[in-house]
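Protein chains: 2
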Amino acid sequence: MPTAIPTDKAYAWEQDAHDNLAPLRGEFVVDDPNLIYLDGNSLGRLCLRTANRTREVVEREWGQRLIRAWNEGWFDLPARIGAKIAQLIGAGAEEVVVADSTSVSLFKLAVAALDVQANRPTILTDDLNFPSDLYVLQGAADHLGNAQQVRILPSSDGIHGPSDALMAAIDENTALVALSLTTFKSAFTYDMAAITRKAHEHGALVLWDLSHAAGVLSLDLNAAGADLAVGCTYKYLNGGPGAPAFLFVRRGLQGKLRNPIPGWFGQHKPFDFDLVYRPAIGIGRFLTGTPPILSLAAMEPGIDLLLEARIDAVRAKSLQQTEYLISLWEQILAPLGFTLNSPRNGALRGSHVSLGHEDGLRIDRALIEEMQVLPDFRYPDNIRLGIAPLYTSFADIWEAVDRLRLVVTQRLFEKYPAKPPAVT
Amino acid sequence: MPTAIPTDKAYAWEQDAHDNLAPLRGEFVVDDPNLIYLDGNSLGRLCLRTANRTREVVEREWGQRLIRAWNEGWFDLPARIGAKIAQLIGAGAEEVVVADSTSVSLFKLAVAALDVQANRPTILTDDLNFPSDLYVLQGAADHLGNAQQVRILPSSDGIHGPSDALMAAIDENTALVALSLTTFKSAFTYDMAAITRKAHEHGALVLWDLSHAAGVLSLDLNAAGADLAVGCTYKYLNGGPGAPAFLFVRRGLQGKLRNPIPGWFGQHKPFDFDLVYRPAIGIGRFLTGTPPILSLAAMEPGIDLLLEARIDAVRAKSLQQTEYLISLWEQILAPLGFTLNSPRNGALRGSHVSLGHEDGLRIDRALIEEMQVLPDFRYPDNIRLGIAPLYTSFADIWEAVDRLRLVVTQRLFEKYPAKPPAVT
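Residue numbers (numbering that gives the first Met the number 0), protein chains in the order written: chain A, 0 to 423; chain B, 0 to 423.
Treat the hints as calculated values from the structure; they're not laboratory data. Please read all numbers here as calculations on a predicted model, not as lab measurements.
Identical copies go unnamed one by one, so any copy, or any two together, can satisfy a pair.
Taking lysine to any residue pairs in the SDA-like style, the calculated list, with each CA pair at most 25 angstroms apart, reads: (1) K268 with E357; (2) K268 with I367; (3) K414 with Q371; (4) K414 with E369; (5) K197 with I151; (6) K414 with N70; (7) K414 with D271.
Isolated chain A, as found in the complex (with noise of 0.2 angstroms):
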């Protein structure tokens, strides 16, 4: 538990000069010194490389090699920017690709699994997954007319997810269990391994969203069995708005599942034009039509530097970042009404710290407008602070704990309307 770490910025500093991984925050774009990013769980930050990459792909790719581009490079990028996320979250390289959006890339696999999961009607969630996912889960088991249900298990106490009725609820009715392994608004974080064995004890399949997760957990899919997972690029992956998601089938699966959006980047040969569907040997299957090159090459530059970094060393970095800024918040922001709304357990935490206030939007708008902090905001009240190893530094922490507490001690939020901002 994070106690009695010093308060002053020199503490901070000294963090800052020990840190293996501080030399990385030179590989981004930051221009404005007196900024401090708490948001790259929403939106990493820009690699210098990947600003090169993206010239180099519209201006010499693109602008010059026009369509031989896709013989030279294109077609890869699908499975060569898996296999690099394979070796972030420990699975093999032909068990993942890059493709479509998380909530389509999610649509995919649930579809999928609940197909061969037909006998089976229930498909347990929590009410602290991302609400796209349950509007997609619900949309997948409403279409398939196999008659199963999305039941939403509550949390108690809104921060931790339910494991133990989770754990309790999995039976011979479970066809699907999907979740947020890291969830958004608190950052609690599920054992992946034993939610996984007891789903096959049953006989049942689990369906992870990484999006919080992948880039800054030490994941390993195949070490827990994992069965299926889609995962966000553009959170601590770094890959650009609204980069393609990442998605995960275990090779064991691959053959048995089926791609309920069948299309000619999935077919087996699609370059023969068969008017009939025949879907690709392995994880390719899962592909459906030409991904948005750009949008994926951006994405590869940011996910080298993390696999330069190493993720034991990234996860190592987040931790001890959380903690700090735990120990800060008991110490400096408590006394002034701020609640702890994630995990005071490191074990059952991802990368972001949400802090509650019942001045909290208001204490959000302020510390935008007024103080040059981004964090990002989750109805009712969190303040969610994210923690990207790779560039986020002690002394950024050090100064968004302070900038919060001058927001309040000096009722500089009082100007702001308790009313909510267009979006956040």
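Please arrange chain B on chain A, whose structure you already have, making use of the hints.
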């Protein structure tokens, strides 16, 4: 019927000199004066403005504005670009959005349509349709479990769509007619208004794939009473490799159809994070996940250019150029064994011309490797020459024909095996 058009290069130059659209070629990256690019119907060229726009969206918006850029324009991109595409296809501004791949978009609209036509057993299409569309239609039919069947009408000559058979087949059993307006091999183009009228008389819906038509035909979806459409943006719209597709839903249908992949971008108020999906009012409900912003943003300048050129002028030039090409074929290439695999009648033809030859594949290879001409090839024997009037010159067409002539008269193709390249 195009005859007696002079076959000398001076005539081509003269046509270019009198072409009001000729200056637009200067808006594109054309770095290799010897390269004849006739594959703009697979991948449109890069506009200079697009290169600038891409730098801006990556380096300034993502790099510097970070998450704030979502509120400074990114959220509006699917609808804003959709509204511009609407102007190119004769649709209302609030009837078009851009988001997912063509195949995923087609899936969404096909399932949505079949869902409301569940009591009708037949989906009508043809064997000239893009195979991926057939896979998607089959996928859509399979998933609903309504026992709806895809019926693929055969074309009689492989060039012209089976219009008469189609008109005769549309009846009270028809749930959906789904066709490529302009077919990918021959460029045969259906009569949108007539088919829509017939379908509506019998209570059927029509879903058009406009991939080879948008940006080069004068379309008027509203005048034709069109129900549903999707289309590529990386062909004549010059949106960039794999740029997301647009989808169109007639205003009166929007409230009646359900997006089968409900996600947060189609939610009424996405940032309320309700656990229950409530679709947005209007076309926005057909969005699903976070769209790939780099690929979306890169699409806009090419569309702007088409709007500036005016689509009627683009179509007029396209017709003039395909007629010119056919006239050169008739006088120069037909005697060398080339067949015309596209409609002779301009009213039935899109903007590419396919030429067949018994040594087609080898000729295609030689054309690319020896002659610096980039056409496309589609089995079994279609050398597909795409005319993109914004940058294709009459001199390009003359050169392509002349180099085709040289490949055959000098037997330059003989060193290439009669075996497919990996991908064309």
